[in-house]
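Asker: Chain by chain, the residues run as shown.
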Amino acid sequence: MNLAILLAAVLLLALYSYALGRGRALGQTTGHPSELHSRPGYYGTYTALWSVIPALLVIAIWLMAEGVIVEGLVVASLPQAQQDLPNAQLGLLLNDIRNVASGAFSAEQAEPFVRAAAERYNGLRLTSFIGMAAIAVLLAVIGLYWARRAIDPGLRARNAVERIVMVFLVAASTIAIFTTVGIVLSLLFEAWRFFSQVPFYEFLFGLQWSPQIALRADQVGSSGAFGAVPIFAGTLLISFIAMVVAVPVGLMSAIYMAEYATPKFRSFVKPLLEVLAGIPTVVYGFFAALTVAPQIRGFGESFGLDVASESALAAGLVMGIMIIPFVSSLSDDVISAVPRSLREGSYGMGATKSETIVRVILPAALPGIVGSILLAVSRAIGETMIVVMAAGLAANLTANPFQAVTTVTVQIVTLLVGDQEFDSPKTLAAFALGLVLFFITLCLNVIALHVVRKYREQYD
Amino acid sequence: MSMTEDSQTPEASTPVETLTTETTPKMIGRDVSVFYADKQALFDVDIDIVEKEVTALIGPSGCGKSTFLRCMNRMNDVIEGCSVTGTISMDDGDIYDPKVDVVQLRARVGMVFQKPNPFPKSIYENVAYGPRIHGLAANKAEMDAIVESSLRRASLWEEVKDRLEQPGTGLSGGQQQRLCIARAIAVEPEVILMDEPCSALDPIATARIEELIHELRENFTIVIVTHSMQQAARVSQKTAFFHLGNLVEYGETEVLFTNPSDERTQGYITGRFG
Ligand SMILES: Nc1ncnc2c1ncn2[C@@H]1O[C@H](COP(=O)(O)OP(=O)(O)O)[C@@H](O)[C@H]1O
Ligand SMILES: [Mg+2]
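Note that the protein sequences, when read in sequence, are chains A and B. Numbering follows our numbering, with no gaps: position 73 of the first sequence is 73. If you count the second sequence from 1, you need to add 1000 to reach our numbering.
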């Protein structure tokens, strides 16, 4: 609440600085804005940025540091007995203090030392806030004053503003990179802990996956088995089935849309196909489990085949339908991008439409099509919901699409749901799986991007 | 408008008729009109294309030169809403006869486009494209021979013989255009249509193509659309001048350029419009 007021104040100050900077720049001319190096608005923005950015930076850094420092001080003021508590209990205690401080718990029921600490906590926070507000506003005013003094008609305000804008953009784009790095590091760290308990080669090459760790040492399967081959095989099998569905259907509909359909029909059907990608995967999961799987079972049994009620085929088929638009939409774009002159060249040689498509257009568009297929594959590998619902959880090592299999993502989910200890091999295995999966999809994406880029160069 | 047209046409075609006694017309267009949807782009064109000669189509842009050229191998068929009336015949057969196979027709009437458009395949495969489609080579050796002779006739062989497997798109603009010519002649067409084949090329590459057109004339009937009157004068024996969708004047190139009978032709070649 107070913070909102502070931010509003800083922003108001920014507006004021804008007007001030602009006015001052104009005031230094004999009346015509073209005497200035930059347009007047840039001087306003320049001044505003100078007053806002330092203030906001201080607020941001302050808020990040505040929690730790204030808690440190509060802990330091606790009685010695509490200070010596193990970390986990100390955390709980701090939670209590914070709750009392914010009024979520009534102070009467709390122990006296908690109450005292809560008061101290509130006091510290208030001091801290006042300090922060004072410094922020002071900085804003100094920045404003400094920028205002710097303004003269020769000041290259536009270039300065452009530079600041660029810094912002760079910062924004690094957020994604840092997040990725963070994810990879946490995966690596947890996976490392897993591999210190389960040998790397056993994980990668083991044929047995049963991650149940027994509660008592004498229980059956007490050791657990972490051979990831069956689940990677399951992932492969389901992705393969999905691609067998999605690639031909997607490619052919792309060819139809790009080469045969009238523009009107295309503009109608393409968004419609893309809706397929927007259906929540849970809904596909219902469809796979309740409609497709029984059909397949019935169909298989009429041939005397033994079909599990949850089968790789059901999940794969439905997943294939889901990723059709990934293939069709991108391929359609790529095929349409093949220059008209190539088509005419081919027709001019006496080639028919289908000859032209097969011999000229598809080869020309191939890299882009491969790119779209690879993106679809990485989508299929990462898909979880449909598999949970339709393919089951049994880690069978099989190439028979009528059997239940499981995939990497499904195993990660089942390993992590529910109450878990975060240092047992069972939960840590999820991170190892995640790491391998991440690595695979990363490779696929890199290849896809590379291929797509190569394709772009072709016509430029 | 149609009055002047009527009075012009007999005059314009007179030199052709005197010539046809010694040379045979390869293609004959009569009353050719073209409509794009409802818009008429070409009005009752009558023309005789003489065998083993170069016929240039000139005129200000938008006058229908490309449109007419594309009628001659029915490339207009692929344009939606485009319709052609009148007759165009080739060796006594109407090419717009429903019984005519467009595939066959285009094997006989090849085309080279304004912008070089090699396929993103190897040089070899570019030239082999037509022969493969039409099944002209029984084996690899025959195909090699066709590719080599086509590239030689397009005077490109010496430049590319060591890199037949490299992509055709990697050649220079002028080489690409000669590759497209080689591609067109690989199927042994009788007529080659060229739509401003030099407009995307520099003067040196242009000169090479013009030289090539001279050589090709021995074996092929060539119809070339050009923006440049100098080029028409250099490469062609016959010239047709189009204006606003009408064939205004058609005759010996020399006559047309030195002594045009229509004042619109006069105006165009002296640079007063277009
Ligand atoms: N695909 C098309 N659709 C509609 N109108 C066209 C099309 N192609 C050409 N035209 C029209 O036909 C006329 C003749 O065009 P074109 O034959 O390309 O002229 P030129 O080649 O002599 O410059 C122009 O008015 C042009 O706008
Ligand atoms: Mg043209």
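Please note: incorrect hints may appear among the correct ones.
Unchecked claim - Cut-off 27 Å, straight-line C-alpha distance, at most; resulting in silico cross-link-like pairs (BS3-like, lysine-lysine): (1) A:Lys353 x B:Lys1140; (2) A:Lys454 x B:Lys1121; (3) A:Lys353 x B:Lys1121.
To be verified - Over the 10 Å line for every Cβ pair with chain A, so calculated as not near, a few chain B residues: (4) Pro1025; (5) Lys1039; (6) Gly1062; (7) Asn1117; (8) Trp1157; (9) Gln1237.
What the hints assert, rightly or not - Heads up, incomplete: computed chain B residues facing chain A, CB under 7 Å, no partners named: (10) Ala1041; (11) Val1078; (12) Val1103.
Hints are computed from structural coordinates only; laboratory data are not their basis. These figures come from a predicted structure and were not determined experimentally. Every residue, glycine too, gets a C-beta built ideally from N, C-alpha and C.
Asker: Taking the numbered hints from earlier one at a time, note which ones the structure violates and give those numbers from smallest to largest.
Answerer: When the structure is compared with the hints, numbers 7, 10 turn out to be violated.
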